[in-house]
Amino acid sequence: MKESALHLVNNTRYNFENKLSEHDLDLPPLAIDTLQVNVTLKCNQACLHCHVDSSPKRTEQMSKEIIDKCLEILRNNPQLKNLDLTGGAPELNPHFDYFVSEAKKLGKHIMVRHNLTVTIDGDPTTKESKMYLPKFYADNKVEVISSLPYYQEYFTDKQRGKGVFQKSIESLRMLNEAGYGDEKSGLILDLVYNPVGAFLPASQEILEKDYKEELWKNYQLKFNNLYTMTNMPIHRFREQLERLGAYEEYMEKLINAFNPLAASGIMCRSLLSVSYDGRIYDCDFNQMLNMQVFVDKPMTVFDFDYNKLVSRKIIFDSHCFGCTAGAGSSCGGAISE
Amino acid sequence: MNYYESKDLGRFAEVGKFKPELMRKFFDYYSEATSTEGALTKKEKALIALAIAHFKPCPYCIDAYTTACLENGANPDQMTEAIHVAAAMAAGIDLVHGVQMLNVLEKQGA
Chain A
1 MKESALHLVN NTRYNFENKL SEHDLDLPPL AIDTLQVNVT LKCNQACLHC HVDSSPKRTE
61 QMSKEIIDKC LEILRNNPQL KNLDLTGGAP ELNPHFDYFV SEAKKLGKHI MVRHNLTVTI
121 DGDPTTKESK MYLPKFYADN KVEVISSLPY YQEYFTDKQR GKGVFQKSIE SLRMLNEAGY
181 GDEKSGLILD LVYNPVGAFL PASQEILEKD YKEELWKNYQ LKFNNLYTMT NMPIHRFREQ
241 LERLGAYEEY MEKLINAFNP LAASGIMCRS LLSVSYDGRI YDCDFNQMLN MQVFVDKPMT
301 VFDFDYNKLV SRKIIFDSHC FGCTAGAGSS CGGAISE
Chain B
1 MNYYESKDLG RFAEVGKFKP ELMRKFFDYY SEATSTEGAL TKKEKALIAL AIAHFKPCPY
61 CIDAYTTACL ENGANPDQMT EAIHVAAAMA AGIDLVHGVQ MLNVLEKQGA
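Chains as they are written, first to last, in the numbering used here: chain A, 1 to 337; chain B, 1 to 110.
For the record, the hints were derived by calculation from the structure and aren't laboratory data. Among the clues, some could well be false.
[To be verified] Label-pair distances were calculated between CB atoms; the ranges are:
1) A:Tyr98 - B:His84: 31 to 39 angstroms
2) A:Asn76 - B:Gly38: 32 to 40 angstroms
3) B:Lys107 - A:Ala246: 24 to 32 angstroms
4) A:Ser311 - B:Asp28: 42 to 50 angstroms
5) B:Lys17 - A:Ser270: 43 to 51 angstroms
[To be verified] Short derived list, chain B residues pointing at chain A, Cβ under 8 angstroms:
6) Ala64
7) Leu70
8) Asn72
9) Gly73
10) Gln78
11) Thr80
12) Glu81
In this text, a Cβ means the ideal position worked out from N, Cα and C, and glycines have one as well.
Extracted from the complex, chain A is given alone in its bound form:
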C-alpha cells in the first residue's frame, strides 16, 4: 500500500483527535520549560526499537551555527529551564561538549539521553575515546538518563545488540564511581526501561524496585529513578511489528489502554523538539515523522518566538496513542502513576 493511502487508513482507524473528543479533552500547549535538541542521528548502536533509525552509518550532525542559535534561544527565554540533549548518541556530535558547557554557564538544567555504551565504544567512525564522559557529566552536573531495557542480559542484548548489557554495566560502574546514583552527591542517574516486544510497560514503581534490587545484588550498582517508556509504533519498531504481523494488534492495545489522565500530561504540552538541522517539532516522534510545527510557516530555530510557539496547535497523529496508553509515556517516564 502506498504511504499516503496507509496514512489515510491509519487516520480513520486510529484517529487520536477523535479519541480526545470522545473524552472531551483539549490539549493546547502549557508553559514550555524544556528545549529538547537532537544533535545527531549517528549512534554507536542500531537498536531494534529505535524510532530515530539511528546507527553508526548515519551522518546527520547539528552544526555549531545551529547550536549557537539554540544557546541564544536558551539565553533569551528564561522560561526554558531545561536542555534535553538526545540523538542518536548525542556525544557523537563534535560540538557536544561545547553545547553542554555553554548551556551550563547559562544556568540551565541539562539532561543527556546517554546510551551508556558510547563511553566504552567511543566514536565508531573517528575511533575517538569517550571514556572521559562520566567525569565530564559530573563536572557539569548533567542529569544522565540512560536506556537499560532490562536488568538482565537477555532482554537488553536482544533489543540493543550482543554485548550491550555487559558494556552498560561497566559504564554504569564508571558513573557510580564519578558519584552518580549516590543520593548525597546530587548527581542524578536515571534508567529507562522499554519493553522488548509488542507489549506495554509494567508499573514504573514496581519495576524500579526490581531494577534497584537486582542491579545492587548482582553488580552493586546504584541509580536514582527508573522511567518506563512505551515503544512508539513508528519507523524501525513499526517495521518490526509489521514483520511479526502484530502492528494492528499493537495499535488496538494502545487504543484500548487510552488513559485521559496520561493524555493531559503528555510531554508535547511543555516541550519543544529541535532537529539537527534546526527545525522545530512538538516532540521527538513528530520530528522523526517530519511533522514540523507550523505557525504561519514551518518553524525553525531562526524563527523562534516563545509567545507564538506557546499558542501553537500541537499536531497529533496515530502514534500519539503510544504516549497515552496505560500509565502513559513521556521523556520522564510514566505520566499518571
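Fit chain B to the given chain A structure using the hints.
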C-alpha cells in the same frame, strides 16, 4: 477452520449471551482474583496463571498470560521456572498415584 483461533479470545464475553448474570459474576470474580495487587503482586498472580495455563493446556490463556507476565515485569527465566513448577506438579500428581498401584499389587499378592 481451527478449533482454537487467537482472535476468539476477544469474544470470551460473548459466552454471556445467555444467562449474562452468571458471566458477569464470573468476570467480576476473575478480575478481582487475577488482576489486582493484594497479598500477592500482579506479577506473582500472572506467573501462577501462566503455570496453570500450561497445566490445563489452554492456548488462549498461554497467549494472554505470557503477555500479562511481560506487562507486569516478569522475565523469561521467571516464566520458565513457573511452567516447570506446573510440569513437575503434573508429573508428581501422576506418579503419586503409583501408591495406588502398589496398594493393588499388594492386594493381589504380587
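Against the structure, the hints:
In this structure the supplied range 31 to 39 angstroms is violated for A:Tyr98 paired with B:His84, their Cβ-Cβ distance being about 55 angstroms. Against the hinted window of 32 to 40 angstroms, the Cβ-Cβ separation of A:Asn76 and B:Gly38 comes to about 54 angstroms, which falls outside the hint. At roughly 58 angstroms, the beta carbons of B:Lys107 and A:Ala246 sit outside the given window of 24 to 32 angstroms. At about 47 angstroms, the beta-carbon gap between A:Ser311 and B:Asp28 stays in the expected band of 42 to 50 angstroms.
Taking the beta carbon of each, B:Lys17 and A:Ser270 are about 47 angstroms apart, inside 43 to 51 angstroms as hinted. This hint is violated: B:Ala64 has a C-beta 11 angstroms from the nearest C-beta of chain A, more than the 8 angstroms allowed. Hint on B:Leu70 holds. Least Cβ distance to chain A is approximately 5 angstroms, under the 8 angstroms limit. About 5 angstroms separates the beta-carbon of B:Asn72 from the nearest beta-carbon of chain A, less than 8 angstroms, and the hint is met.
Given hint, B:Gly73 at the interface with chain A, holds; its Cβ is 3 angstroms from that chain's nearest Cβ, closer than 8 angstroms. About 10 angstroms separates the beta-carbon of B:Gln78 from the nearest beta-carbon of chain A, more than 8 angstroms, and the hint is not met. Among the interface hints, the one on B:Thr80 is violated; its C-beta lies about 11 angstroms from the nearest C-beta in chain A, farther than the 8 angstroms criterion. Taking 8 angstroms as the C-beta cut-off, the interface hint given for B:Glu81 is violated, the closest approach to chain A being about 14 angstroms.
Consistency note: the structure conflicts with the earlier hints numbered 1, 2, 3, 6, 10, 11 and 12.
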